[in-house]
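Student: The residues making up each chain are set out below.
There are 2 protein chains.
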Amino acid sequence: MDSAIDPEKLAKLAEVAVNVGVALQPGQDLILTAPMVALPLVRLIAAAAYRAGAGVVTPIFADEAIALARYQHGQDASFDRAPNWLYNGMAEAFANGAARMAIVGDNPMLLAGEDPAKVARAGKANSLAYQPALAKIAGFDINWSICSYPGEAWARQMFPDLAADAAVHRLAEAIFAASRVDQPDPVAAWGAHNAGLRKRTAWLNGKRFAALRFTGPGTDLTVGLADGHEWQGGASTAKNGVTCNANIPTEEVFTTPHALRVDGFVSATKPLAHQGSLIENIQVRFEAGRIVEAKASKGEAVLQKLIDSDEGARRLGEVALVPHGSPISQSGLLFYNTLFDENAACHIALGQCYAKCFVDGAHLSPEQIAAQGGNSSMIHVDWMIGSGQVDIDGIGADGSLEPVFRRGEWA
Amino acid sequence: MDSAIDPEKLAKLAEVAVNVGVALQPGQDLILTAPMVALPLVRLIAAAAYRAGAGVVTPIFADEAIALARYQHGQDASFDRAPNWLYNGMAEAFANGAARMAIVGDNPMLLAGEDPAKVARAGKANSLAYQPALAKIAGFDINWSICSYPGEAWARQMFPDLAADAAVHRLAEAIFAASRVDQPDPVAAWGAHNAGLRKRTAWLNGKRFAALRFTGPGTDLTVGLADGHEWQGGASTAKNGVTCNANIPTEEVFTTPHALRVDGFVSATKPLAHQGSLIENIQVRFEAGRIVEAKASKGEAVLQKLIDSDEGARRLGEVALVPHGSPISQSGLLFYNTLFDENAACHIALGQCYAKCFVDGAHLSPEQIAAQGGNSSMIHVDWMIGSGQVDIDGIGADGSLEPVFRRGEWA
Ligand SMILES: [Zn+2]
Ligand SMILES: [Zn+2]
Ligand SMILES: [Zn+2]
Ligand SMILES: [Zn+2]
Numbered sequence: 017m018d019s020a021i022d023p024e025k026l027a028k029l030a031e032v033a034v035n036v037g038v039a040l041q042p043g044q045d046l047i048l049t050a051p052m053v054a055l056p057l058v059r060l061i062a063a064a065a066y067r068a069g070a071g072v073v074t075p076i077f078a079d080e081a082i083a084l085a086r087y088q089h090g091q092d093a094s095f096d097r098a099p100n101w102l103y104n105g106m107a108e109a110f111a112n113g114a115a116r117m118a119i120v121g122d123n124p125m126l127l128a129g130e131d132p133a134k135v136a137r138a139g140k141a142n143s144l145a146y147q148p149a150l151a152k153i154a155g156f157d158i159n160w161s162i163c164s165y166p167g168e169a170w171a172r173q174m175f176p177d178l179a180a181d182a183a184v185h186r187l188a189e190a191i192f193a194a195s196r197v198d199q200p201d202p203v204a205a206w207g208a209h210n211a212g213l214r215k216r217t218a219w220l221n222g223k224r225f226a227a228l229r230f231t232g233p234g235t236d237l238t239v240g241l242a243d244g245h246e247w248q249g250g251a252s253t254a255k256n257g258v259t260c261n262a263n264i265p266t267e268e269v270f271t272t273p274h275a276l277r278v279d280g281f282v283s284a285t286k287p288l289a290h291q292g293s294l295i296e297n298i299q300v301r302f303e304a305g306r307i308v309e310a311k312a313s314k315g316e317a318v319l320q321k322l323i324d325s326d327e328g329a330r331r332l333g334e335v336a337l338v339p340h341g342s343p344i345s346q347s348g349l350l351f352y353n354t355l356f357d358e359n360a361a362c363h364i365a366l367g368q369c370y371a372k373c374f375v376d377g378a379h380l381s382p383e384q385i386a387a388q389g390g391n392s393s394m395i396h397v398d399w400m401i402g403s404g405q406v407d408i409d410g411i412g413a414d415g416s417l418e419p420v421f422r423r424g425e426w427a
Numbered sequence: 017m018d019s020a021i022d023p024e025k026l027a028k029l030a031e032v033a034v035n036v037g038v039a040l041q042p043g044q045d046l047i048l049t050a051p052m053v054a055l056p057l058v059r060l061i062a063a064a065a066y067r068a069g070a071g072v073v074t075p076i077f078a079d080e081a082i083a084l085a086r087y088q089h090g091q092d093a094s095f096d097r098a099p100n101w102l103y104n105g106m107a108e109a110f111a112n113g114a115a116r117m118a119i120v121g122d123n124p125m126l127l128a129g130e131d132p133a134k135v136a137r138a139g140k141a142n143s144l145a146y147q148p149a150l151a152k153i154a155g156f157d158i159n160w161s162i163c164s165y166p167g168e169a170w171a172r173q174m175f176p177d178l179a180a181d182a183a184v185h186r187l188a189e190a191i192f193a194a195s196r197v198d199q200p201d202p203v204a205a206w207g208a209h210n211a212g213l214r215k216r217t218a219w220l221n222g223k224r225f226a227a228l229r230f231t232g233p234g235t236d237l238t239v240g241l242a243d244g245h246e247w248q249g250g251a252s253t254a255k256n257g258v259t260c261n262a263n264i265p266t267e268e269v270f271t272t273p274h275a276l277r278v279d280g281f282v283s284a285t286k287p288l289a290h291q292g293s294l295i296e297n298i299q300v301r302f303e304a305g306r307i308v309e310a311k312a313s314k315g316e317a318v319l320q321k322l323i324d325s326d327e328g329a330r331r332l333g334e335v336a337l338v339p340h341g342s343p344i345s346q347s348g349l350l351f352y353n354t355l356f357d358e359n360a361a362c363h364i365a366l367g368q369c370y371a372k373c374f375v376d377g378a379h380l381s382p383e384q385i386a387a388q389g390g391n392s393s394m395i396h397v398d399w400m401i402g403s404g405q406v407d408i409d410g411i412g413a414d415g416s417l418e419p420v421f422r423r424g425e426w427a
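As given, the protein sequences belong to chains A and B, one line each in that order.
Under my numbering, think of the first position of the first sequence as 17, with each following residue one higher.
Under my numbering, think of the first position of the second sequence as 17, with each following residue one higher.
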């Protein structure tokens, strides 16, 4: 398999992950979680982290065979257990200044054949246990980043007609291109990319639009923006003062919609991969922020279950702008992975909003965020609504219109 | 490589590790540390643990390439860092009832080419960080066990003249024989073996010797035994009530020397593999329990550093009896690994004593243990002093002598 993955580009990905992604500081410890299959990248990242002056690098590997062993042999009570001690330890490390990196790349369909009730219980137990550590990541207390590795199972899911080697090669090249490590100086390329995204967020934050209106085939949707919303994109600065790129890759600028001010109808422009199912041709109608009608040509039951998760699941927590010409969009690939797919098109997300997408969001209470229109939910599911045929206008507080996107590109 | 390791015996080793070694209880969580190379055994152990009713099994892997990356690329300050958070988390898990398993099998010479000062600093930082978790293991709060996997680098170290496959095969068969999984019913074989060891400890505990005197080539050492010492061997019962075999394999019976009552000189009968170095022909003189002179024909600097780790590092924490005819001794192999080599010969250990080697040790405070002669230290390093030419006499409280070993065998 190794020959399918360009070793030079993989080494550059490790450099980008350490120096652009998590932006590891001299003396800072690093906690790194990864699927076992990503071991070659973990080794390169550890070396890059030590070159960058890491304190100690601690990798925690998840093995798919061991995960499956629980479903094959575990007693019923096992599915309500989680390694709380490990996550509590991580929370302690973050409180003491450690940085966090995660590598994705495991088999997206690993648990597709297992009892969904057990999968849900194990997932819930794990989420609860992870809460103390996740709070410090979601609260942006520390610098963190996610990047990806072209695991074979993931590659075969994306390219079912190719041999394993060819599939891994295709996925690897797609990851490298999207992560800008196919360029001669990836760190400089990320500097330029971040500057470009910053120009967009500065312009949008200066405009303070009251709403965005999306129009295109099957779409006429007005998305009100939350009071005191702030646009984010590319590099941003954690509370520990470190400016990092939390997602490698990233193409989006994004902010918080107003949970009560979304009206009209919208058609998805790509299938939505959700918990092992593909939901196709989604069409949804909003009234006063709430989904009042939802259809899909395939997977409609999954869609209905999703929007019935809780009250906030029928409302928006994110709106994001991605030009149709972005490299991931131009690849034409469906990655079955939000880290990539959300960067292929303008999207909205059902569910939870981000505190950092408010002016001074770090100091707002959940009550204040709700009062300004921020949605809350257990879920956050991104969902593509952009294409080369979609226009976007900004609507000012006085009702004035200003072009934002024309035919899928910045106006 | 897989074909070099008998899959049936490896599966039996996993069963022995779970059901004889750690004796995992239904509903009990398991924390498992292993070198990356032992992944096939970790997977079998995870499956066996779930079959035995495990709560959740959490493997933590150590990768040799990542360990080396620190020495190749790390800044100087890195060598005083350790993942305290991970060990604090383990201590929390043990306090909440989790069991502990460790697999050895990595390259014993991994760090042989690295700066010994950095190796020592990293080892010390790690020992300090591990202290809260180790206290619960050394205090036998929970059931725990160590077993081993025939990693290739280890095998090549032991069999430098063989091809990799043949070396792994030889080591695998040696591990399987020593771990009694080459027998038709390994669990029954362990029952019989434990009964034999129990007979020896019962005899020694009945005798209540004040000291043991070792005599042989280059050795005349009187090892005073701690007040209220208790001989242990084979299966024993942790404070949580679970009877486990902490070492797979084990051939020794052992107890606590008196930290202030060791006098004379002693010559090692085998090289000591320590942190990637081989220390050869150790000769040491004790006065009133303390090493006052230490020499070695090779690795003397490493030895000096070791006994300078802390005050307790110059005193004994264990004395152990192993007949020269034990299967591991008879194999004639030097394993470069304490788990095996300490079961090839009588040995002493520098450093920390075991609370369980005291009568009612579970209820003694550290102060009481110290008052009875128990040593304390960050280190515990076993070191072979037995051979077919060594005699041992028990010295009674009244000064009477009684033969214990003659020419390396039980008298
Ligand atoms: Zn997004
Ligand atoms: Zn999102
Ligand atoms: Zn021992
Ligand atoms: Zn020992």
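Hint data in this document are derived by calculation from the structure and do not stem from the laboratory.
Treat the hints loosely; a few may be bogus.
Said to hold, decoys possible - Residues from chain B shown here face chain A by an in silico Cβ test under 7 Å; the list is partial:
#1 R67
#2 L84
#3 L102
#4 E108
#5 S392
#6 M394
#7 H396
Keep in mind that this is a model prediction, so the values were computed, not measured.
Just so you know, even glycine gets a beta-carbon here, dropped at the ideal spot from N, CA and C.
Student: Look at each hint and say if it fits the structure.
Tutor: Hints versus structure:
1. R67: 5 Å, holds
2. L84: 9 Å, violated
3. L102: 5 Å, holds
4. E108: This interface hint holds because 5 Å falls under the 7 Å limit.
5. S392: 26 Å, violated
6. M394: Result: violated, 18 Å to nearest chain A Cβ.
7. H396: 23 Å, violated
The structure fails to meet hints 2, 5, 6, 7 from the earlier list, while all remaining hints are met.
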